[in-house]
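With chain A's structure known, arrange chains B and C on it following the hints.
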Amino acid sequence: MTDAAETTEPALGDPQGRPAGPFAFGAGIVLVSGVLLSQVFAIDTTEGFSPQGPRFLPLVVLTLMLVLGLVYLAQQAAAVRQGGSLPAEPFTHLAAAAVLVGILVVYAFVLGPVGYVPATALFFVAAARTMGSRHLTRDVVVGIGLALLVYLSFTRALGVFLPQGVFPL
Amino acid sequence: MRAPRRSVVRRTVAVAAVLGTTLTLAACNQAAGGGAASSEEFPSKTVDIMVPAAAGGGWDSTARAMQKVIEDEDVVSEPVEVFNVEGGGGATGLSQLQKDEGDPHALMVTGLVMIGALEQASSPVSFEDTTPIATLTSEAEAFVVPSDSQYESIEDVVAAYEKDPASVTFGGGSAGGSDQLVVAELMKAAGADPSQMKYVGYSGGGEAIAGILSGDVAVGVSGVSEFESQIEAGDMRLLAISTAETQEVAGEEATTLQDAGYDIDFSNWRALVAAPGLSDDAKEQVTEVVDELHGTQGWKDALEANGWADFYKTGDEAQEYIDSEVDRVAALYEDLGL
Amino acid sequence: MSQFGDLMGGFATVLSPEMLLFAVIGVTLGTLVGVLPGIGPAVTIALLLPVTYGFESPIPAFIMFAGIYYGAMYGGSTTSILLNTPGESASVATAIEGHEMAKRGHARAALATAAIGSFVAALISTGLLALVAEPVGRLAVSFRATDYFALMILALVTVTALVGSSLVRGLISLLLGVTIGFIGLDGISGQPRLTFDSPVLFNGIDEVLLIIGLFAIGETLYVLVKGRTRPGQVTPLEPVRGGFMWLSRDQWRRSWGPWIRGAGFGFPFGVLPSGGAELPTFLSYSWEKNRSRGKQEFGKGAIEGVAGPEAANNASFSGVLVPLLTLGLPTSATAAVMLAAFKIFNLQPGPQLFEENSDLVWALIASLFVGNVMLLALNLPLIRLWVKVLEIPRPVLYAGILVFATLGIYSVSGTVTDILIAYGIGVLGFLMRQFDFPIAPTILGAILGPELENQFRRALNVGNGDLTVFVTRPLSLAILLLAAAALLLPYAPRIVARLRGKDPEEAKKLAFADED
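Residue numbers (the working numbering), protein chains in the order written: chain A, 1 to 169; chain B, 1 to 338; chain C, 1 to 516.
If we strip away everything but chain A, and leave its shape as in the complex, we get:
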């Protein structure tokens, strides 16, 4: 099946990214598999690596993933050697995505101390702008409305806790 799959591979390497991308991702897979593999040996057990014990399957699966990660890297290398030029469509908004991840992380941390409604409304506006919105008023209105609707229906109707934060409602 392997060769069947490879011959029908639609594009060599990553069809859209930069050539470095797939290499970095492949290396990441290999690295993570390696680190996790070392953790398998840290599992406390009296059964060693017997199929009955807690180490056996993680060992098998992670070894396999490590090998497949290396195969993937080799495929990418082969693709570069054969084709040379990988179609490199630049992802113009990568920076925006990084900013969005940053905003998400900040949101997670301020949710508790600041309170659900203000944190969510601010997050909504910031996220929408990062994704290209240029209608600030609309975003603010929708953000506050959404946050209030969610907060009230969860806390009042369902008795589910959401942090109240700095503005008592």
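Heads up, some of the hints might be wrong.
[Claimed, not checked] Far from chain B, some chain A residues (derived; all Cβ distances over 10 Å):
#1 A20
#2 F23
#3 V30
#4 L31
#5 L37
#6 P118
#7 R129
#8 R138
#9 V160
[Stated by the list, open to error] Simulated restraints, written as ranges between beta carbons of each label pair:
#10 B:D327 - C:A484: 33 to 43 Å
#11 B:E152 - A:F41: 40 to 50 Å
#12 C:E134 - B:D316: 52 to 62 Å
#13 C:E355 - A:F41: 48 to 58 Å
#14 A:V71 - C:L487: 37 to 47 Å
#15 A:E47 - C:S248: 51 to 61 Å
No wet-lab data here; the hints were simulated from the structure. Cβ atoms here follow ideal geometry from the backbone N, Cα and C, with glycine treated the same way.
Relative to chain A, chains B and C alone:
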């Protein structure tokens, strides 16, 4: 607490306008919390009951039943909120409780299962870092076999285990939980070596029952209520229950392990604790509220509806009980080699 | 046929204005719950349980709960199709083809085949529940750990269609999911695994975190990077030509087969105590991809890939009710909460339930029919409204998705750590999309992996470590042989061709026509 199969219940909760309209009534009696009154009186602000697990499990239903009864019967004037902090079998919630030191409004539901989890997690926080208020409910553990089993009594099971530990497969809730602990306790009391135990863990009550009925497991161990309908239907035979006091199971008085001659009194209890460092006065006041809750008809109904046995201890009695349970679980973990 | 008379009695109970009101509340709530990412039926029901303390009769409560569950299944397909953000694992398979259909302007047809398919499957499976509950329930509990292991292996080899165009990338995705499933306390020995000694990870990574991360968050990041959140990116809806209920004649013709087959996959898996609603959706997807008439369209929005899985996930619920009602066995999170509801009303599900409370049982079964009729009536007109979602400005839409994704995690687990884990998984999901790794195998791995491992080790534990346990039990052996056949059969033309000395390439095309 037994999480239904596959992780803890889906993390969920509904929203929406429709809900808003269908349950508007609920909104009416929910006064706004907050306010910075002095901490002399309890409660002076919203009472928070933390569930150190995801919504939908046993601790969660205990907390929500308390919340409902307190609000329905106007036990306190301030609102009561239930919130969930999942992780580490309760260790995450317990650590979070530490930051409310001295605040009687920060309460947490807990139970026997958490002792084991803290033990397993080698958690830096322990039950010492709480102010125990009261134990609330308990459930006896039941030992059952399929109705066509060769074992007629719990003595038969112990005898078979003593002869060859590998010949008896026990099964119940997750490994290291209360179900496995009670088997360890039984073997210890019988003078056998618990570390030889063959135990198959299942993640939900349904799967465990299926495992027993299919014949994978020779002796099933879990909360009595899990097996009641199978016992009633004649698919399973109840060998013994783990509490000192007997109770009716499927219309018949159950044999206790003590009746069978093993000195064991084991139950899966749940309790309410407060943040650490409460003043005696504050502790007293919280206890009064819980006392009142415990006395209401609403709480009795909730116990009945959920099939929980009343297991009410407060003050020093609760403290001593929890301390002794911590010691017991630690010893059992040692014996099991976990 | 006494069942028929009983069922009519059930309808008589259910078709009162009061009961219908509860059904309406249930299906509406359920649809909303299903639409929101990460917000599923089980906890909704758990949260509403205290409300039922005040009810006189359990029947309205169950009517409402059944409505919530089915409603969630109907609603779950909506976000999968429109936005590629399934809210729960049972809708993941739907997203694969469903979102492709939406991208090509066939959103209405995809939503319609999902809704009608759910309806058809629910009718079939509820009919089966009414007719054969008792014997099927008995049969299901005779499955032992070895049989389950064999069954999981069979499932694993038959869902290879999910792996996609590259075996290497597909397998890495799958193993990634299995690895994520290892994290946490080992269910058999109780030992922590791959947790780096952090108690935060002891409960493992909930499948909901995984789904919200890989789909809702990963998809948002991907869409952003591709520049598709910028204005002017909305695909216009194809006008509906002729047809009936949003589906053209051809689409009806292509849908009914997958609906019925999907129900055929869903019901038995629901019945099995360790079956679940996810596996049958993946099996149905694979079956349609390899066997159906529209297989050459797979990857570009084949309607069979929506119709089958949606039917399967709905059918599995009636299946789940079989062990619940006949044996008192809760085999899913929702069933566990429903069992708690039974206990509130002092009812013991089990063999006696059909005798002692047959009114209740038949009313419940009748309410399933009624609830599904309502859902169909609710969902078909709603399609007009749902497709409007696509007209919401993208930045607002995706910011809203992120808000609901975060809410779904925070409201139930209450920890910042869980939110951060989901975000981390979201970045992984983005990278996987970027480098063309399929997402569905990761979900499959995270669900199937732990189940497979647990059954494997339980079986060995019971059999004192003897590996022959898997081949000495006839049922297990039969299933394993079936798995071997399923694995080798696609190669049969090739092997035969090779034996005859023909060009293997030629023959291979027959088996892998879907890989173009």
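Now for the hints, and whether the structure bears them out:
Consistency note on A:A20: stated as away from chain B, and its beta-carbon is indeed over 10 Å from all of that chain's, at 37 Å minimum. The non-interface label for A:F23 is consistent with chain B: the shortest C-beta to C-beta separation is roughly 35 Å, beyond 10 Å. No beta-carbon of chain B comes within 10 Å of the beta-carbon of A:V30; the shortest separation is about 29 Å. Every C-beta of chain B lies more than 10 Å from that of A:L31, the closest at about 27 Å, which supports listing it as non-interface.
Every CB of chain B is more than 10 Å from the CB of A:L37 (nearest about 23 Å), matching its label as outside the interface. Distance check on A:P118: its Cβ is at least 15 Å (rounded) from any Cβ of chain B, clearing the 10 Å threshold; non-interface status holds. Residue-level check passed: A:R129 sits 25 Å from the nearest beta carbon of chain B, beyond 10 Å. At the 10 Å boundary, the C-beta of A:R138 stays outside the reach of chain B, the nearest C-beta of that chain being 20 Å off.
The beta carbon of A:V160 sits about 5 Å from the closest Cβ of chain B, which is not more than 10 Å, so the claim that it is off the interface is violated. At about 54 Å, the CB distance of B:D327 to C:A484 disagrees with the hint of 33 to 43 Å. Separated by about 46 Å at the C-beta atoms, B:E152 and A:F41 satisfy the suggested range of 40 to 50 Å. For C:E134 and B:D316, the Cβ-Cβ distance of about 54 Å falls inside the hinted range of 52 to 62 Å, so the restraint holds.
Taking 48 to 58 Å as the suggested C-beta distance range, the pair C:E355 and A:F41 conforms, at roughly 56 Å. At about 21 Å, the CB distance of A:V71 to C:L487 disagrees with the hint of 37 to 47 Å. Against the hinted window of 51 to 61 Å, the Cβ-Cβ separation of A:E47 and C:S248 comes to about 59 Å, which satisfies the hint.
The structure fails hints 9, 10 and 14 (numbered hints given earlier, in ascending order).
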